[in-house]
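Starting from the given sequences, assemble the full structure and let the hints guide the process.
Protein chains: 2
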Amino acid sequence: MKLRHLVCACALASMSFAPALNAQTIETERADIELQTVAQGLENPWGLAFLPDGSMLVTERTGTMRKVGADGEVSEPLTGLPEIFVRGQGGLLDVAVDPNYADNGWIYFSYSEPGDGGNSTALARAKLDGKALVELELIFSQQPKVSSNNHFGSRIVFKGDGTLFLTLGDRYSRMDDAQTLDNHHGKVIRINTDGSVPADNPFVDTEGALPEIWSYGHRNMQGATVHPQTGELWSGEHGAQGGDELNIDRAGLNYGWPVVTYGEDYGGGKIGEGFKKEGMETPIYYWLPSLATAGLTFYTGDVFPKWKGDIFVASLRAETLSRLDIEGERVLHEERLLADELGERLRHVVQGPKGYLYLLTDASDGKIIRIAPAD
Amino acid sequence: MKLRHLVCACALASMSFAPALNAQTIETERADIELQTVAQGLENPWGLAFLPDGSMLVTERTGTMRKVGADGEVSEPLTGLPEIFVRGQGGLLDVAVDPNYADNGWIYFSYSEPGDGGNSTALARAKLDGKALVELELIFSQQPKVSSNNHFGSRIVFKGDGTLFLTLGDRYSRMDDAQTLDNHHGKVIRINTDGSVPADNPFVDTEGALPEIWSYGHRNMQGATVHPQTGELWSGEHGAQGGDELNIDRAGLNYGWPVVTYGEDYGGGKIGEGFKKEGMETPIYYWLPSLATAGLTFYTGDVFPKWKGDIFVASLRAETLSRLDIEGERVLHEERLLADELGERLRHVVQGPKGYLYLLTDASDGKIIRIAPAD
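Quick note, the sequences are listed as chains L and A, same order. Note that full-length UniProt numbering gives residue 169 to position 169 of the first sequence, counting from 1, and the numbers run on in steps of one. Note that full-length UniProt numbering gives residue 23 to position 23 of the second sequence, counting from 1, and the numbers run on in steps of one.
It should be emphasised that the hints constitute simulated quantities derived from the structure, not laboratory data. Incorrect hints may appear among the rest.
[Stated by the list, open to error] Using 25 Å as the maximum straight-line C-alpha spacing, the simulated PhoX-like pairs for lysine-lysine come out as follows:
id	chain 1	residue 1	chain 2	residue 2
1	L	Lys127	L	Lys159
2	L	Lys308	A	Lys308
3	L	Lys270	A	Lys308
4	L	Lys67	L	Lys131
5	L	Lys277	L	Lys131
6	A	Lys306	L	Lys277
7	A	Lys276	L	Lys306
[What the hints assert, rightly or not] Okay, the calculated bits of chain A under chain L, using three or more residues with CB under 8 Å as the criterion:
id	stretch
8	187-199
9	346-352
Predicted model, so just to flag it, every value in this text is computed and none were measured. Every residue gets a Cβ at the ideal spot worked out from N, C-alpha and C, and that includes glycine.
Structure, rendered in structure tokens:
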């Protein structure tokens with residue numbers, strides 16, 4: 001594995017930067033685009049974050065984090081990660097760079113943490129010293145740990161007020177937990193970036209409730225982002241068979257899983273009580289059949305002016321990048337991109353500092369792909 | 001033509017009522033359905049309305065109206081229609097039965113009216129005496145008449161307050177007229193059922209504005225219905241190439257055509273200034289590529305309990321029946337029905353008195369098709 005990456009890195013370094021996958025211009029509704037391979041040979045890349053110098057941190061679910069230069073050079077695995085449970089959907093997951101990175105140097109990452117009782121999703125932060133992660137701090141650990149290989153979430157999103165959101169799956173075997181507040185299964189949590197609990201969290205004064213909880217009744221959210229104008233958290237949730245959801249996750253609200261859902265159990269069994277129930281939120285939009293939605297982001301750049309304000313959603317099973325035209329809290333239209341031209345499971349979509357979009361393909365030979373305007 | 005219909009009617013009369021098109025059960029997201037042919041041999045049927053006894057009035061765009069019994073028997077053409085301009089998209093269009101039909105016997109129909117300067121869409125009413133339309137009254141005539149074979153609209157919708165809406169196309173050759181209030185091109189109008197103008201219409205006090213106008217900036221609306229709870233008018237609008245719209249048409253508002261649109265001219269030319277502009281309404285939802293949306297209706301019946309509150313939209317080019325899951329003013333999800341199982345251009349969808357849905361296929365051998373639950 002190491003050798004393969006070294007070869008890849010060298011091969012890339014000797015090629016021109018970000019070569020087009022092929023000469024193809026892809027015509028879409030609002031932009032003609034081309035796909036450029038930034039890096040390849042990554043093992044199931046999961047999270048991607050840009051550093052101020054334009055280089056990237058990328059996680060591999062198999063338990064490694066690497067730095068990828070703006071020139072596409074892929075580093076050796078960074079050292080200093082904690083012990084990670086790598087199995088099923090578990091492993092090293094998201095990565096995020098502190099909004100004040102230039103001042104404090106903090107890098108955050110989520111991962112499947114082994115421990116008493118099984119495993120759960122944890123959030124840690126560390127600083128980067130050359131190729132080593134140092135000053136490691138565990139700032140959150142999902143409770144309780146259970147024996148499960150599935151539904152870890154997780155995306156890390158900064159709210160912009162010194163706090164961050166972390167999305168947490170229901171662990172699959174514990175779906176009913178999503179409806180009770182004495183655990184972190186099927187929740188969005190909000191914490192300060194040092195791991196302490198904000199005093200204005202919705203359940204800090206609720207007896208028996210875990211104070212980190214922001215919203216509940218979720219299944220497995222692998223996409224989350226903050227709206228560029230409203231500052232609210234928008235998340236994409238893997239539904240059961242059918243019923244992937246786009247939600248606006250608001251403080252203290254119940255998003256219904258597993259009581260109300262548009263999906264059914266894999267294999268066909270009925271789940272819950274139907275589509276709607278008093279006191280439970282209806283999504284903004286849902287996908288049926290499921291695309292298996294993963295990372296998502298609002299587009300705010302200048303490179304594709306007609307995409308401004310749209311949400312892009314990466315999907316695994318459908319192998320598409322959905323563009324949602326958003327007006328207020330309405331989805332006016334969905335365009336599904338890349339199913340024919342790329343045909344790869346997509347784990348994540350991130351907007352880079354110059355306004356290009358970057359995709360992670362979910363494959364043992366995973367790639368970072370840049371979407372650029374066609375010449 | 002007459003003979004063919006007689007043969008069809010007799011053939012149908014000797015068959016069991018509403019035979020299934022075939023034994024196929026069609027599985028959809030929320031109901032297993034089957035398709036039953038109620039009547040056939042209709043020439044481009046356009047409008048359909050139920051009489052209190054369960055029989056139907058159906059228009060043929062080629063200029064005839066017929067009665068179809070609850071048993072499927074198709075009558076000879078009714079007599080007493082006015083002169084109709086039958087060419088291109090013009091002809092006999094929608095038909096509607098007065099909400100107080102039991103008391104007053106009024107039947108309304110829209111059609112392309114020839115006259116000085118060309119033609120335009122008109123609305124008349126009459127009463128049914130056996131197979132004759134009698135007491136004919138012309139209650140509205142779109143101004144001005146122009147030489148055009150296209151974009152006549154039109155759907156007739158009762159508001160529930162003694163007034164009705166009529167949707168009017170921009171006549172294609174006069175699209176810019178849609179932005180000015182001195183004409184009826186690209187407008188929704190609201191009139192009392194006797195043709196007089198309601199005193200609370202939005203432009204009755206605006207100098208130079210035609211007082212029938214309810215909303216403007218439309219292109220060509222072949223679908224319209226009133227929301228069963230809010231009473232507001234929802235309409236479907238044929239966009240240019242791309243950009244069919246679903247709108248809520250509110251008093252006095254400008255829906256943007258041809259200044260803002262999601263479509264482009266057929267052949268690829270740019271239209272207008274983009275997607276949005278201050279003072280012009282954004283649709284609830286749009287289709288790109290165009291389906292060529294035609295009739296639409298909210299489902300309020302009990303036969304398909306999981307469809308309650310959904311909008312169904314018939315489409316011509318795409319040959320689908322779209323089911324839109326509506327929450328408030330949001331489209332949460334679209335399901336496209338029947339493209340594979342039927343494969344016919346659909347002009348209209350109407351809910352019958354018992355809660356079944358009825359479709360009109362747009363063909364020279366057009367059908368009335370009933371959607372029923374599969375056994």
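Hint check:
no., hint, result
1, L:Lys127 - L:Lys159, "holds (21 Å)"
2, L:Lys308 - A:Lys308, "violated (35 Å)"
3, L:Lys270 - A:Lys308, "holds (20 Å)"
4, L:Lys67 - L:Lys131, "holds (8 Å)"
5, L:Lys277 - L:Lys131, "violated (51 Å)"
6, A:Lys306 - L:Lys277, "holds (14 Å)"
7, A:Lys276 - L:Lys306, "holds (11 Å)"
8, 187-199, "violated (count 0)"
9, 346-352, "violated (count 0)"
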